[in-house]
Amino acid sequence: MKTNTNLEQPEITTKDILLDKAKMVIFMLIIGLVVSGMLVGLSTYTKPIVQKNQKLRKMQKVLDSFAISYTKDNMAQVYKEKIKVVEKGGQKFYKTSNGDIAFMFEGKGLWAPITGFIAFNSDMKTLKGVSIMSQGETPGLGGRIKEAWFLNQFKNLDYKPKLVVLKASKSPDKPNEVDGIAGATLSGKALQKILNNNIDEALKQLEVK
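All residue numbers for the sequence shown refer to the working numbering, where the first residue is 4 and numbers rise by one.
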């Protein structure tokens, strides 16, 4: 007995095609809603953690600008005991009991924004120090602006008439100059501009001439 291999295939109608497409769209919508819900839930869960870490990092960088010693365990307590926050002209300033004062700076670096803190000594004539909170300069070159050896140069530095970041081939011979980073002259000049602009604005708010 021969088997009929020419079985009649069911006809696929336009209605069937549209129904399949509708099912696919509904499926994708459901997947999208599930994923969105998971992301919202994750964001809600992690948001307080992120905010806490940002707050702690800001405390750390404020203390660094003043060269105040702390440990990971006592940082928050040291900050609470040593730092008083005041606001003037819409800008926050961070003060110590001996009159040193710091403020947050920000500006456009060579490749990305640079933020951090600048601290003045109580005489308001020299810097107490500078700390970097965030930067996106080239690793191994401009990114070295966050390294201790570079930032230590700003301690007790005169900021008048202006701060100057030299080329790496030159040696500082004035009280307002710091040694630059090899291969990162433009990043150094960008930081120089940011610091000077923010210092000028802070001095206006503090009414220091």
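Keep in mind the hints are simulated off the structure, nothing from the lab. Note that beta-carbon positions come from the ideal geometry of N, C-alpha and C, so glycine has one too. Just to be clear, a hint being listed does not mean it is correct.
What the hints assert, rightly or not - Pairs of lysine-lysine residues, derived as DSS-like cross-links and limited to a Cα-Cα distance of at most 30 Å, are as follows:
| hint | residue 1 | residue 2 |
| --- | --- | --- |
| 1 | 98 | 173 |
| 2 | 24 | 98 |
| 3 | 26 | 75 |
| 4 | 91 | 192 |
| 5 | 50 | 18 |
| 6 | 58 | 95 |
| 7 | 87 | 196 |
| 8 | 83 | 192 |
| 9 | 111 | 149 |
To be verified - Label-pair restraints from in silico Cβ distances:
| hint | residue 1 | residue 2 | range |
| --- | --- | --- | --- |
| 10 | 209 | 185 | 15 to 23 Å |
| 11 | 60 | 174 | 27 to 35 Å |
| 12 | 58 | 164 | 32 to 40 Å |
| 13 | 49 | 170 | 42 to 50 Å |
| 14 | 60 | 89 | 16 to 24 Å |
Okay, the hints, checked on the actual structure:
no.: 1; hint: 98 - 173; verdict: 35 Å, violated
no.: 2; hint: 24 - 98; verdict: 65 Å, violated
no.: 3; hint: 26 - 75; verdict: 55 Å, violated
no.: 4; hint: 91 - 192; verdict: 29 Å, holds
no.: 5; hint: 50 - 18; verdict: 47 Å, violated
no.: 6; hint: 58 - 95; verdict: 14 Å, holds
no.: 7; hint: 87 - 196; verdict: 28 Å, holds
no.: 8; hint: 83 - 192; verdict: 35 Å, violated
no.: 9; hint: 111 - 149; verdict: 15 Å, holds
no.: 10; hint: 209 - 185: 15 to 23 Å; verdict: 35 Å, violated
no.: 11; hint: 60 - 174: 27 to 35 Å; verdict: 34 Å, holds
no.: 12; hint: 58 - 164: 32 to 40 Å; verdict: 36 Å, holds
no.: 13; hint: 49 - 170: 42 to 50 Å; verdict: 43 Å, holds
no.: 14; hint: 60 - 89: 16 to 24 Å; verdict: 21 Å, holds
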